[in-house]
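> Please build the complex by placing chain B on the supplied structure of chain A, with the hints as guidance.
From first to last, the protein sequence lines are chains A and B.
Heads up: the first sequence begins at 1 in our numbering, then just goes up one per residue.
Heads up: the second sequence begins at 1 in our numbering, then just goes up one per residue.
Okay, derived cross-link-like pairs now, DSS-like style, lysine-lysine, Cα gap no bigger than 25 Å in a straight line:
no.	chain 1	residue 1	chain 2	residue 2
1	A	Lys88	B	Lys142
2	A	Lys88	B	Lys94
3	B	Lys180	B	Lys29
Taking beta-carbon pairs under 10 Å as the criterion, some of the chain B residues facing chain A (in silico):
no.	residue
4	Leu54
5	Thr101
6	Asn110
Residues from chain A shown here face chain B by an in silico Cβ test under 10 Å; the list is partial:
no.	residue
7	Gln4
8	Gln5
9	Ser11
10	Arg15
11	Lys16
12	Arg20
13	Arg23
14	Ser86
15	Ser92
16	Met101
17	Pro102
Simulated from the structure, these hints should not be mistaken for lab results.
Each residue gets a CB set at the ideal place from its N, CA and C atoms; glycine is no exception.
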Amino acid sequence: MNWQQQFNAFSTIVRKEIRRFMRIWVQTLIPPAITIALYFVIFGELIGRRIGHIGEYSYMEYIVPGLIMMSVITNSYSNVVSSFFSTKFQRSIEEMLVSPMPNYVVIGGFVLGGVARGIAVGAIVTLLSLFFAHLSVDNIWITISMVVLTATLFSLGGFINAVYAGSFDDISIVPTFVLTPLTYLGGVFYSITMLPDFWQGVSQINPIVYMVNGFRYGILGISDINIGVAYGMVITFIVLLYAWAHWLLKYGVGIRS
Amino acid sequence: MTTALSVHDLKKTYSGGFEALKGISFEVKSGDFMALLGPNGAGKSTTIGIISSLVNKTSGTISIYGEDIDRNFAAAKMNIGVVPQEFNFNQFEKVGDIVRTQAGYYGIDNPTAAQRAEKYLKLLDLWDKREERSRMLSGGMKRRLMIARALVHEPRLLILDEPTAGVDIELRRSMWTFLKELNQQGTTIILTTHYLEEAEQLCRSIAIIDHGEIIEQSSMKTFLSKLDRETFILDLGKDITTVPQLDGVRSQLLDAHTLEVEVSKQAPLNAIFAKLSALDIPVTSMRNKANRLEELFVSLVERKR
Chain A
1 MNWQQQFNAF STIVRKEIRR FMRIWVQTLI PPAITIALYF VIFGELIGRR IGHIGEYSYM
61 EYIVPGLIMM SVITNSYSNV VSSFFSTKFQ RSIEEMLVSP MPNYVVIGGF VLGGVARGIA
121 VGAIVTLLSL FFAHLSVDNI WITISMVVLT ATLFSLGGFI NAVYAGSFDD ISIVPTFVLT
181 PLTYLGGVFY SITMLPDFWQ GVSQINPIVY MVNGFRYGIL GISDINIGVA YGMVITFIVL
241 LYAWAHWLLK YGVGIRS
Chain B
1 MTTALSVHDL KKTYSGGFEA LKGISFEVKS GDFMALLGPN GAGKSTTIGI ISSLVNKTSG
61 TISIYGEDID RNFAAAKMNI GVVPQEFNFN QFEKVGDIVR TQAGYYGIDN PTAAQRAEKY
121 LKLLDLWDKR EERSRMLSGG MKRRLMIARA LVHEPRLLIL DEPTAGVDIE LRRSMWTFLK
181 ELNQQGTTII LTTHYLEEAE QLCRSIAIID HGEIIEQSSM KTFLSKLDRE TFILDLGKDI
241 TTVPQLDGVR SQLLDAHTLE VEVSKQAPLN AIFAKLSALD IPVTSMRNKA NRLEELFVSL
301 VERKR
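Next up, chain A with everything else stripped away, as it sits in the complex (with noise of 0.2 Å):
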């Protein structure tokens, strides 16, 4: 296949993949805003008017950031996750196999879908945020690399996981055990700068801390990570596992028998 080609099967997935989450809308984009929402009321509003400020900001211009980033990660995640392990269960996995079509298209074309979908509903939750707190960018061009390059990295977590999965159950066992748990934990309601020394230092293994940080940065100018670390960690992780969903695809993981 020639570039022009590749381009055309990249954009084939990408578009199908868009149409799928914009035709179940209720499903994809209303969900998340009602819980961050949900969010926006009981921590910023009810909870957050007792705790004051962090920093120069108060508790819900400060949690902002971190509610649009957990919703993007979120989204990303279970986008790529839920639509590649549908193509294997209705087994139209093969329509893509027989084809073609280099595996870093494929991988790139559903990565791409998990990117929309998270940019999508991190736009609605933002817009849904400018009801309760005033929103101002301090670096506009590290707010969108940061969430460009988180959905990039949570898409490809999800492409490996819907690769191994092998039922529905095997596709929330991830989202539910390690990824809300690591963005609870990954400072989007506290400053980890809050925690004793240990705690501390147990939340730098945590990968969520530094794209929270690293968006939080981006909108208010302030971060508990250097602004550098948090891009190369981010940068690192997107390669690892973009090697290893390409190790799935090349040797048909799960998917060839």
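Showing chain B alone in chain A's frame:
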């Protein structure tokens, strides 16, 4: 003549240790219409699965129109279209989207994909259904959808794995006509089927696979010429109780008015009718017990066991 498909020493052992293919080799010439036959579990679907990249091979080489499937993956895959045995499309997508999307997977741009989808959906009588979700289609329509999808990138080699399984007779015959025309237009076709009448009607060559080995490969004509005996069922105009003595013919009564006779292929049938007439036994109708290919297939497979 160009070789459309070359399979050499293809082996497949599944992770449980089951040896599905024991080093099969065969070739299909460009423009041929070949039947790949075999009993259930013989290795047909494994062979097709490996050719279409749905199953990993253990060893061996495959080339499609001269392009090695390992060394020049994309060029090899561009030449092949596959219609699988099981429905394998997204049940929630629209018929038109399924075909257009498949075209996209082959690198075809949007406007061309739309034109091709229209062409093949019309050819397969599915154009009116293009806006319907695929799960709403009948079984026969789903089979035709898979054929349209396999043709949308206009492959030179089309592989159909039991395309008429569970399809009613009328639709099966319309599919035969479609496949014949497609073959006449230059598409090489490989067909697996359990309907041996279908293989005999459509195919010019034949390969039989059993227990992971090719036990026969030849032209259909050569293969059928090996049949030296045929069995006929004669419906009699009156009931009889004893088997009539017919020289050189093995015969038995199936019931009081049905006689089965097994005759040499070279022997004329006139003698049988003459003898029965002489015995005042009218014959009201006659049919083959099984079709010719079925008789040969069964005898060949049983002989190898």
